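Protein sequence lines, in the order shown, are assigned to chains C and P.
Count the first sequence with the working numbering and you get residues 4 to 486, in order.
Count the second sequence with the working numbering and you get residues 4 to 486, in order.
Please note: incorrect hints may appear among the correct ones.
Identical copies go unnamed one by one, so any copy, or any two together, can satisfy a pair.
[What the hints assert, rightly or not] Derived lysine to any residue pairs resembling SDA-like cross-links, with alpha carbons at most 25 angstroms apart:
hint, residue 1, residue 2
1, Lys180, Phe373
2, Lys484, Gly425
3, Lys481, Glu452
4, Lys171, Phe373
5, Lys171, Gln119
6, Lys180, Gln97
7, Lys180, Leu281
8, Lys41, Asn288
9, Lys41, Leu287
10, Lys422, Trp410
11, Lys251, Gly39
12, Lys251, Ile99
13, Lys180, Ile99
14, Lys251, Gln97
15, Lys41, Asp25
16, Lys251, Phe224
17, Lys484, Leu432
18, Lys41, His55
These are calculated hints, taken from the structure and not from any lab test.
Being a predicted model, the structure only gives us computed values, none of them experimental.
Protein chains: 2
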Amino acid sequence: MKPMHVLLDPALKKPIFQQIADHIENQIVSGELAAGSKLPTERFLASSLRVHRTTVTKAYDELRANGFIVSKQGSGNYVRGDLWEMPGSSSWRQYIQSGALRPTLPMMQQLRDFSQDPHYINFADGELAEELLPNTMLSELLRQYPLNRWLGYSNHLGELYLRQTLSKHLQDEYGIKAAPDQILVTSGSQQSLHLITQSLLSYGDCVGIEGPSYFYAQPLFQSAGIRLIRLPSDEEGILPEAVSDLHKRYRLKMLILTPTYHNPTGTVLPLSRRLRLLELSRALNIPIVEDDVYGPIRLDGAPPPPPLNVLSSADNVTLYLGSLSKTAASGIRLGWIVGAVPVIERLADVKQQVDFGASTLLQQIADVFFTSGAWGEHLSRIRSEVTRNRDTMAEALRTYCGDDLEWNLPQGGFHFWCKVKGEVRDSELFEQAIRQQVIYVPGSLYGAEQGHIRLSYSRVNRDEIVEGIRRLGETLRKLAKNS
Amino acid sequence: MKPMHVLLDPALKKPIFQQIADHIENQIVSGELAAGSKLPTERFLASSLRVHRTTVTKAYDELRANGFIVSKQGSGNYVRGDLWEMPGSSSWRQYIQSGALRPTLPMMQQLRDFSQDPHYINFADGELAEELLPNTMLSELLRQYPLNRWLGYSNHLGELYLRQTLSKHLQDEYGIKAAPDQILVTSGSQQSLHLITQSLLSYGDCVGIEGPSYFYAQPLFQSAGIRLIRLPSDEEGILPEAVSDLHKRYRLKMLILTPTYHNPTGTVLPLSRRLRLLELSRALNIPIVEDDVYGPIRLDGAPPPPPLNVLSSADNVTLYLGSLSKTAASGIRLGWIVGAVPVIERLADVKQQVDFGASTLLQQIADVFFTSGAWGEHLSRIRSEVTRNRDTMAEALRTYCGDDLEWNLPQGGFHFWCKVKGEVRDSELFEQAIRQQVIYVPGSLYGAEQGHIRLSYSRVNRDEIVEGIRRLGETLRKLAKNS
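Taking the hints into account, I'd like the entire structure generated from these sequences.
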């Protein structure tokens with residue numbers, strides 16, 4: 004009889020029998036245990052899992068009650084033979100378990116659900132609050148500027164008029180020199196990263212990223228068979244010299260970095276490190292993807308150093324990613340990649356294969372938004388409102404969480420990155436906070452060590468910030484006492 | 004010395020020495036032949052490729068002239084050691100050759116370029132002509148309905164208001180019963196197909212498709228490691244009984260079909276075949292993806308049989324794909340997938356991973372388009388205009404191409420599917436037509452046998468139709484004479 008490997012975790016709230024039952028259910032549903040096949044005897048399974056036999060009996064009872072297995076007198080337990088007929092089942096069941104992309108982690112799915120519920124104070128989503136979104140501004144613009152441009156399939160790079168506008172915009176705002184044919188219009192940075200994995204990297208490649216780092220990107224890389232190598236960093240961002248050592252060991256094919264207002268840590272990579280990084284990139288032939296979606300969200304304080312793209316423009320060693328998600332509205336879904344012409348052409352070709360190019364309707368609207376001057380006006384407003392939000396959160400953190408959390412004041416972006424001073428389990432704090440109807444992103448989702456949390460001050464209003472941080476402080480104190 | 008496998012094709016116009024040189028250049032550029040590595044001797048390569056030694060000498064000369072290889076006195080030929088310094092090169096070169104998705108076929112890239120050039124009469128693109136696009140209508144709507152809905156990240160299935168609207172729309176127009184949580188909003192059918200390959204199928208799976216079939220889908224499946232199995236068909240569409248035989252041989256995991264107004268052939272699968280197909284799908288447990296983007300483009304004549312989804316709604320064996328691309332504007336990029344809840348959830352989860360969900364701005368606009376009644380009004384106009392285009396093309400075909408082409412009158416959709424009567428090479432006809440500034444899609448791109456062409460009557464005006472078909476007829480007669 005084949006042994007069954009079940010990872011049992013006594014620390015979980017879920018009883019052991021239920022963990023066994025869930026594991027077997029999962030195997031049945033995924034087709035690993037075929038319809039009609041025989042299950043291990045209770046005695047055999049109990050001994051191989053080192054649990055008491057009654058625990059396995061209970062697990063099998065549970066599976067039987069839910070219709071997954073049947074007992075045959077004197078012969079043992081079997082997976083049901085007619086799985087397609089199971090209640091709530093369909094022949095799709097096995098398909099859902101297939102595919103190159105893995106399911107989103109359960110904790111992320113949970114966050115996704117809570118973030119749609121207005122009863123929760125939302126420190127989780129890195130996006131603008133409803134009252135900061137440019138609905139009225141866009142409505143006004145669409146009254147003034149009729150939609151009179153081509154609405155058919157887009158040019159594969161994006162419409163020329165928008166690329167010309169972006170070319171000027173990038174030069175004026177960041178000093179980036181990009182001709183229109185060096186720009187690809189995408190549906191946001193998430194897609195930009197996806198296109199890069201699908202077009203420029205191969206199964207087995209190693210890619211250096213900051214650790215902790217933007218969590219939604221991780222499944223994309225994993226499903227493309229790409230190994231993520233964590234670059235060591237301190238409170239100013241990554242340590243360039245580490246790249247050299249790691250390259251010797253892993254043969255890094257690419258670095259994917261957020262040098263400015265890093266998500267989630269908020270760090271800004273100093274100029275000297277940027278320059279050293281570019282030196283290494285050239286010497287070792289490792290291109291850099293520079294994710295700059297938070298770049299425009301400079302709050303008060305000194306401007307950050309120039310983007311890597313500007314510091315290295317003649318070399319074309321970077322791919323620069325920008326987006327309207329953080330500055331205008333995350334739901335517009337419009338971003339861009341700047342790079343060398345042949346790379347942009349390759350990415351554009353793949354973009355066309357996966358979704359047939361960007362929406363020309365959106366591109367018209369985005370173009371009007373930039374050329375009308377609305378963008379600048381909107382951005383000024385966002386910056387000052389988000390700065391006030393940040394200050395409100397800093398004040399509330401000092402008042403309610405000063406004994407339990409440590410943090411740095413972010414100079415840009417949407418997030419505080421906090422470290423819990425005492426010993427608190429991430430999952431416990433998260434659950435307790437949810438009971439208080441407060442959500443945030445646990446640091447573990449970014450690959451951070453236990454005891455980190457990301458608090459966004461962009462999605463909430465200032466009353467919610469104060470109330471949410473008060474509840475969080477209460478939760479932290481309660482957990483500290485119990486531990 | 005390692006043998007070098009070069010696929011040489013004496014039938015190509017390209018001389019053999021050039022084929023060898025191109026192959027080696029490709030290997031150098033892709034990194035298969037490392038910088039500095041030694042090439043086979045001329046004698047060795049000539050004997051292993053069974054060509055004359057002077058042919059290899061010529062190939063090496065060519066590579067040397069272009070800076071890819073260098074000769075060392077008395078020692079042989081070597082790949083250049085400093086490839087990054089090559090003219091026009093950059094460290095990105097090797098990356099462009101990587102990635103899971105293959106480059107689009109050169110002929111498609113060519114078509115893409117020509118289709119942007121207004122000097123060509125465009126029978127290639129299956130989309131509406133500029134004057135049929137709803138620019139004015141949308142501008143009017145956006146004047147009346149301000150953008151007052153949520154512009155942040157979308158619900159992962161798409162915004163509830165749009166899914167409610169689509170639910171009603173699908174019921175009213177096609178009799179499809181779909182609750183809002185059975186609908187996923189995508190950025191069009193191309194993305195819908197991509198999501199299906201990435202979420203529900205695994206490397207090595209076999210999928211049955213019509214042959215010939217929608218060509219842009221093919222690279223998506225191939226890059227996901229999915230084997231496409233061609234289902235035999237006649238002038239009414241696929242033959243259901245063939246599914247059973249092919250399943251025995253290949254264990255089909257899915258069928259992907261366009262039962263109504265198939266692209267490119269224009270066939271409409273009769274009711275009896277639809278019912279038989281559903282029977283087989285249930286019996287063999289093979290789900291069906293039903294691509295119905297052309298469904299609404301019914302011209303004159305009898306309505307087609309109901310969608311497979313309607314005929315099988317209780318079974319949930321289908322995934323139904325729809326889109327605004329053919330009815331409103333291909334550049335809006337908005338489509339939907341209808342299916343069983345768990346399948347839709349899985350697809351939605353992956354959609355969020357690849358691009359973070361649909362644009363809420365586009366969803367608002369689409370919702371206004373449907374709920375205001377504009378869609379119905381627009382669709383009537385499209386249908387009657389496209390019908391007139393079709394009739395104009397039919398008349399022109401009779402006049403100018405009656406001796407050289409065979410076709411059926413399409414009852415819906417945008418295309419004539421024509422068979423060349425005589426013996427003409429696809430590539431030659433295509434090249435000659437381009438010289439006449441007429442573009443269409445050669446049947447070979449759909450996997451059809453030589454001598455088929457797809458002519459779209461949607462993207463052109465009626466004067467262009469007559470003139471383009473006249474030029475095509477002339478081209479055909481010229482080629483027939485020469486052959």
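Consistency of the hints with the structure:
{"no.": "1", "hint": "Lys180 to Phe373", "verdict": "within (17 angstroms within a copy, 42 angstroms between copies)"}
{"no.": "2", "hint": "Lys484 to Gly425", "verdict": "within (10 angstroms within a copy, 89 angstroms between copies)"}
{"no.": "3", "hint": "Lys481 to Glu452", "verdict": "within (22 angstroms within a copy, 74 angstroms between copies)"}
{"no.": "4", "hint": "Lys171 to Phe373", "verdict": "within (10 angstroms within a copy, 36 angstroms between copies)"}
{"no.": "5", "hint": "Lys171 to Gln119", "verdict": "between (37 angstroms within a copy, 23 angstroms between copies)"}
{"no.": "6", "hint": "Lys180 to Gln97", "verdict": "between (50 angstroms within a copy, 24 angstroms between copies)"}
{"no.": "7", "hint": "Lys180 to Leu281", "verdict": "within (17 angstroms within a copy, 57 angstroms between copies)"}
{"no.": "8", "hint": "Lys41 to Asn288", "verdict": "between (54 angstroms within a copy, 22 angstroms between copies)"}
{"no.": "9", "hint": "Lys41 to Leu287", "verdict": "between (55 angstroms within a copy, 23 angstroms between copies)"}
{"no.": "10", "hint": "Lys422 to Trp410", "verdict": "within (6 angstroms within a copy, 71 angstroms between copies)"}
{"no.": "11", "hint": "Lys251 to Gly39", "verdict": "between (51 angstroms within a copy, 20 angstroms between copies)"}
{"no.": "12", "hint": "Lys251 to Ile99", "verdict": "between (40 angstroms within a copy, 23 angstroms between copies)"}
{"no.": "13", "hint": "Lys180 to Ile99", "verdict": "between (45 angstroms within a copy, 22 angstroms between copies)"}
{"no.": "14", "hint": "Lys251 to Gln97", "verdict": "between (42 angstroms within a copy, 19 angstroms between copies)"}
{"no.": "15", "hint": "Lys41 to Asp25", "verdict": "within (17 angstroms within a copy, 57 angstroms between copies)"}
{"no.": "16", "hint": "Lys251 to Phe224", "verdict": "within (21 angstroms within a copy, 36 angstroms between copies)"}
{"no.": "17", "hint": "Lys484 to Leu432", "verdict": "within (13 angstroms within a copy, 82 angstroms between copies)"}
{"no.": "18", "hint": "Lys41 to His55", "verdict": "within (21 angstroms within a copy, 65 angstroms between copies)"}
Figure legend: structure checked against the earlier numbered hints; every hint is met.
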